[in-house]
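Enquirer: Below are the chains, spelled out letter by letter.
Number of protein chains: 2
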Amino acid sequence: MRASTYPLVDPAEAAELVLERTPVLPVEEVSLAAGWGRVLAEDLVAPSQLPPFPASAVDGYAVRAADGAGRLRVAGESAAGRPFEGALPEGAAARILTGGVLPVGADTVVMVEDVVEDGDSVVVPEGFPAGRNFHRPGSDLRQGELVLRRGEALGAAELGLAAALGFPRLSVRRRPRVALMSTGDELVEVGQEPGPGQIVDSNRWALLAALREAGTEVTVLGLAPDRPEALREMVVGVLAEHDVLVTSGGVSVGTHDLVKPLLESLGEVHVGRVKLKPGKPFTFATLGGGGLAFGLPGFPVSSLVTFEVFVRPSLRKMQGFAQPQRPRLPVRLGYEARPSADRTEYQRVTLIREGGELVARSTGSQSSSRLMSLAGAHALVPVPPGPQGISAGTIVEALILSLPG
Amino acid sequence: MRASTYPLVDPAEAAELVLERTPVLPVEEVSLAAGWGRVLAEDLVAPSQLPPFPASAVDGYAVRAADGAGRLRVAGESAAGRPFEGALPEGAAARILTGGVLPVGADTVVMVEDVVEDGDSVVVPEGFPAGRNFHRPGSDLRQGELVLRRGEALGAAELGLAAALGFPRLSVRRRPRVALMSTGDELVEVGQEPGPGQIVDSNRWALLAALREAGTEVTVLGLAPDRPEALREMVVGVLAEHDVLVTSGGVSVGTHDLVKPLLESLGEVHVGRVKLKPGKPFTFATLGGGGLAFGLPGFPVSSLVTFEVFVRPSLRKMQGFAQPQRPRLPVRLGYEARPSADRTEYQRVTLIREGGELVARSTGSQSSSRLMSLAGAHALVPVPPGPQGISAGTIVEALILSLPG
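Taken in sequence, the protein lines are chains R and A. Heads up: the first sequence is residues 1 to 405, going by the working numbering. Heads up: the second sequence is residues 1 to 405, going by the working numbering.
Don't read these hints as lab results, they were simulated from the structure. Note that CB positions come from ideal geometry on N, CA and C, so glycine has one too. Careful: at least some of the hints might be erroneous.
What the hints assert, rightly or not - Not the full set, but computed from the structure, chain A residues with beta-carbon under 8 Å of chain R:
hint	residue
1	Met1
2	Ala163
3	Gly166
4	Ala209
So here's chain R without its partners, still in its complex pose:
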């Protein structure tokens, strides 16, 4: 057993290094039904204008404003999808339904609430100038207008827009394929009774959820064998079909740690330790075949915090997100943040609204094995190393995981 010889890297530098080495994945076409959460790979330009015709915004009567107030003959109807045929004669009105085409010659729509219907005629009151209650062609979108930018995530409105413009399929970035593996001779499967010195493999389930939230497709490899050659074979066998290998455990300095030597043999280890608490043994490597490998520490909080700080931004960059980072917001520290002597600590906090502010409260003991410090946490607050810490009441920038209800 000997102390690690990997240099201790500043976490901001390590995060930057990871992003620099992260490729953006290839483009693929998906249907609108499969588009939610995907990221556009190219700008979307309107091939035609919206609406394509003057469309009534209400149910009522299409008239010529020049005819003025008074009784008008009802000459027909313009329902949605069944336009009024021909031009609207002078002195006449056309019944029009929401979404119906404004007949040629008509230049305004009077709402049904505002008229008096009387058999085959309708009485229109004073004060209805041209241009009311309909959407002009091109008023929502002009032909050739830039609708959505490359790098924008596809949500409900974006997919609706793509459909309205007649795109049944969209070019998006492929989702990362991730192989997930847990290492550690102490691990047993959930549902098994742990023997002496054994614990349940919980990281698999936590990381599986985190990977799905990040938009990836995951292959769960399960518990890794504890013999270097068997482990190597298992990993080599799946690398070709995956973009990323994520392991947890086995990256500390002990004699039984297998992951760092494995990654050294498969490619290049760029980061082997970081000045981060929790998460010091975090390991990042590029692999010979072009993939990335993240060796996360075995303690549950360490694995999830290093996932947030290093892995998730990388996975989001792969998918083409213009902004792969979690959003940040200023929050007021509701507690005295004690620092680590030599590492940046990502403290887990809940947020509550107090007046116009978000106030951060500690989730309690920040031990690297205490998952309760992350359960229900809304944010991570980076506390720099050194003697000072951060006083209660200070405004700090927090990485937002979710907002309080």
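Given chain R, work out where chain A should sit, using these hints.
Expert: Positioned in the frame of chain R, the structure of chain A alone reads:
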């Protein structure tokens, strides 16, 4: 054609009425792999303590603090999953790896970086009191402690906790099953060339994405037939297998509107119009079989805004979320918000960070057909009706859809 006789309901009252009529769905068991995003149906209590044994936090040597500084014989090893057998003799140390069990008799761990290894012995320096570098049994979680509350959403940390405590399956609320239908004779399928007066059915794709984001399972019924009896048959045929019917279009007052009469015939219409802009024709009904029906307006923005205001909170309540609403944050209005005369308007805004504040900018024309007003929008700002509007620079509460990067 006649004006609607449904009373115009205040949107806050309508939203409350919808939630009051919304049932919480039954409980089902899911595996940890299927748990992400689900909501716990019962409190989770720790059946045992965590960690279950004193576990080393580092790689190093387990010693008896009373032995003090000096040379100690290395009596064996405690690796993760392979504990040291028996008690640690006085004057001896055990090599210990991260996660390994502290041997009986040992009361502190000295990091490998801090010792000098010398063949079968190790030299420990001064200053290592008892209690260092290991996690005490129960220090993360005591037996019987409340771990997760009913109504909490299952994310990475929560699923990791459940696994660590040995729960391979969890009781959660069933996801809502939603039947989605578009009505309107003017609609054609995306990919088809619209004829005169026709437009592409875009709401289907927007609402499908919104429903998935809300955590539901969706059956897409597609375009509804325009004959009342055929429509009725189609809907009746699927109600038994669904908790919710969502329609778009066909809820205005025109002679061709089919949805309100259909819902009247299938149950009770509680809301037929709301003082909301956009979205006045929003319709809510309870159905004879116990399901809910939401008749959303046909204009794309109206359908998505009424989805956010009325439907999404209902779907989240069904799933058991303790807080079914979107989070709210104070934002500074970066524009002059002009009001509607008689309806609350949900204006769509983007947010940008300016110093410590979020500043809301209008997404441009707020026309009910202009989906561009929702594309990329981060929030909705409710602007009350009346003559005043809201001055630029005012702090308002915004419904947050997403945060800016």
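Enquirer: Hint by hint, note whether the structure agrees.
Expert: Going through the hints against the structure:
Given hint, A:Met1 at the interface with chain R, holds; its Cβ is 5 Å from that chain's nearest Cβ, closer than 8 Å. Given the 8 Å rule on beta carbons, the hint for A:Ala163 holds: about 4 Å separates it from the nearest Cβ of chain R. Given the 8 Å rule on beta carbons, the hint for A:Gly166 holds: about 6 Å separates it from the nearest Cβ of chain R. Interface hint at A:Ala209: satisfied, since its Cβ lies 4 Å from the closest Cβ of chain R, which is below the 8 Å cut-off.
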